[in-house]
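**Student:** Now for the letters of each chain:
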Amino acid sequence: MLGNILGVLFDGIAYGSLLFIIAVGLSVTLGLMNFVNLAHGAFAMLGGYVAVMAMTRAGIPFLAALPLAFIASALVGVVLERTLYQRLYKAAHLDQVLFSIGLVFMSIAATTYFFGASQQPVALPAYLQGQLHLPGFDVGIYRLFLIGVVAVLTLALQWLLERTRFGSQVRASVDNATAAAGLGINVNRVFALTFALGSGLAGLGGALGIDVLGLDPTFPLKYMVYFLLVVAVGGSGTIKGALIAALILGVFDVAGKYYVPQVGGFVIYALMVVLLILFPTGLYGKKT
Amino acid sequence: MSAISTSSAAAANARPPNLLPDGRWRPLELAFWLIPIALYFVAPDYRVLGSQVLITGLFALSLDLILGYAGIVSLGHAAFFGLGAYAAALLAKHFTGDPLIGLVVAALVSAAAGWLVSFLVVRGNDLTRLMVTLGIGLMLWEAANKASFITGGVDGLSFTPGKLFGVWSFDLAGNTAYVYALVVVFVVFLFAKRLVDSPLGLSLRGIREGGKRMPAIGAPVVVRLRTIFTIAAGIAGIAGALLAQTTQFASIDTLGFPRSAELMIMLVLGGTGRLYGALVGAAIFMIAHDYLSAIDPVYWEFWIGFFLVLIVLFAHGGILGGLAALRARFGRSGS
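Quick mapping for you: the protein sequence lines, in order, are chains A and B.
Heads up, the first sequence is in the working numbering, so the first residue is 1 and it goes up one at a time.
Heads up, the second sequence is in the working numbering, so the first residue is 1 and it goes up one at a time.
Rather than coming from a laboratory, the hints here were simulated on the basis of the structure.
None of these values were measured; they are calculated from a predicted model.
Check before you lean on any hint, since a few could be wrong.
[To be verified] Mimicking EDC-like on lysine to aspartate or glutamate, the simulated pairs with C-alpha atoms at most 16 Å apart in a straight line are: (1) Lys257(A) / Asp126(B); (2) Lys90(A) / Asp126(B); (3) Lys240(A) / Asp138(A); (4) Lys222(A) / Glu142(B).
This is chain B alone, in the form it adopts within the complex:
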């Protein structure tokens, strides 16, 4: 009798933190967001890398929405990232250099593309989705490669974005870029956090866990999947535009398959389905990449593959998943 009550008490304590989301901010989350602010002052030499980490984190976050929450395996998410980058670059080159307008336009363009693609993605099983996203990514790369009179082909497209609010221009030290990226990433993160705690986010988790049962409780599965795919594409577009504006360059690499694959690696490294995993994974991946590829690019590729295999076989849930498991095991007295 006592054994039963003890185990049920333990089960209550070990309850996963977001069984029913309340949207409240935990101290740990606030501490997390203080890190990038602190780094601005502590490590001024790393602001350029820092802004790229933030942007990649946002990109990974957009993949987390469809992969971690809705369970759609996409191998071509870079298509929307690159589309956003080119949209921002072309807008700045031919119409207006205002960065914020660039962000909005890039988000709209990518979201529109995502909406179109979503009709194909919701059809079929995992394999078909995989192939369709992969195919569309490759098609866009090929299109950007061949339409060099618009996109600059493999040489890419360099441009000068206008001043932010007409005051701050993008400097080489990355001061403006860092603050700009941080603010945009934080705002989009707030939106994403609200989104995954909303009924839409909850029904997406339901679809991920058992897509066949969701229609039975009245959830329009196809509409929900199309919605989140469109939103995620839009966010990826914002990330792409951010990268293009802060580096003043739109490169064809932003569309490539390696970018999609690396993105997936970051997300899995950090842990899927928890938003912060995307940011943590991107940070660790980018910093490791910066450090290791300076030593030897070939080794870098080998080790990333090696760690990927290890994560899949042994460290399910990535870094944050592992931490959560540790907390569930030892954190009873702490909380």
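Chain A with its partners taken away, still in its complex shape:
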């Protein structure tokens, strides 16, 4: 029984880590830049497909395909940010919602057109498969790998935002774009780079998550709620908030599906409504 609980907890944390890595970019665009980007999952899907294609068509090994997924999503992210997204930073939320739903529909249709509607398979390398037998319960090696990757990435992100010049430029631009521009910060460039970073991380997460989340053209719509949830529950733009929110959601979702499968996704939606009522600005949100 205890091993059971630990196993669910472990799977939940691995799942939550994945949610975090995909949603952390959204936490910046939505939470800090206040842009309701429902199409964030499309970048994750792009990364997933890039990884799958690199592995199956070009024969690139899994670990080498991950950076490719990051780079492809980041590039597409920066192009879209420069050409489309940046026009709507000041627009009403409704416009942003519609615009990004439009992007989601387009990405779903285009993906179906090129790759078909079926689930994409991923062949993990042998050293990432299998179970590690600990006293009491077993852990999947791939999930352990996921948690490890995300832990490293989180520390790196924290360092990037808190300790580097770029990080302080991001924080300054987000807090007050006008004042930041007045101090000589190229706000547009900072936003574009931030957006690219967020999209790239989503792509990386999409590639890492094929084994756990699956990958088919409806991916952006299927997981949209989860990504939004991480941001809404975590609060605006704190890495810590997003991480904790993602872990809570991951654990509850896995536990809900494991212990009470008959109510399915109900647990997570109920949790979401309760959390939003209790913390309207998120767990770590600024008080307005």
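Chain B: place on chain A using the hints.
**Tutor:** Only chain B this time, still in chain A's reference frame:
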């Protein structure tokens, strides 16, 4: 001097039509309502599609009340539509098949649900509202999916509604459905038109334009928002019941997120905050959908996304908004 007087005269002429609503009917509006009546006789083969267009238009109208007038962005409005559909279906299956009683019950059920949800919706900012409406929509879908002993799950719920006034039964050609839908939609439209021209409607526009200032002139913002949300949910329930009765089927799709998203697309396509935009947008969307998805459903989804992006970037205000802008620019001599 003369330049100033000319420009002020131009400004007076270019005044937006509903600066202060008078509730009068314009010739164009009457002409608009003649179209569906004429279509009944001109295009008898399209009565089934026509009734669905009317019903979807009503649904879009209910979203317009909260989105276009009160400025609440809801991603889960289909929840009330589906609730109305299931209420009508279950009532007809287990109690009485009378369609009109079904409409009233569906409206009451959806309005009650809307009233409950409104307490959550008025809290928080745009993002919280978005998430709460989305979450509630998804919860209801999941509930309908899992409670298949009541709702039939993904298979839906088919039923036979009773005869309208005990005389007309719902036929396959959609004759009864078309007239029934048209009359109900028109009656609800009259109500909505009266509503948005009332002090309530005006204060909602004030809240949309500057929610922080409205309390200063004594408008109870929270109460107003809760009222309109409840009414809009009720109207969505009527639309859902209409759809269920005319198709004799309540499907789980009526609750789904795609339905909410499409609804928003229609409304924006037609133009928000002007009631007719909802009807025009729904008509164009449904007809285009009928035509394009027959060719290829995948292309259809791509193009609708594409047009959505274009509308947001370039064609603000939708079709009616664009027409109004044209009128303001060229219509001076005409009016």
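**Student:** Evaluate each hint against the coordinates.
**Tutor:** Hint by hint, here is what the structure shows:
Straight-line distance between C-alpha atoms of Lys257(A) and Asp126(B) comes to about 30 Å, which puts the hinted pair past the 16 Å bound. A distance of roughly 14 Å separates the Cα atoms of Lys90(A) and Asp126(B); the hinted pair therefore holds under the 16 Å criterion. Simply put, Lys240(A) and Asp138(A) have alpha-carbon atoms about 28 Å apart, too far for the 16 Å limit, and the pair is violated. The hinted pair formed by Lys222(A) and Glu142(B) meets the criterion: a straight-line CA distance of about 13 Å does not exceed 16 Å.
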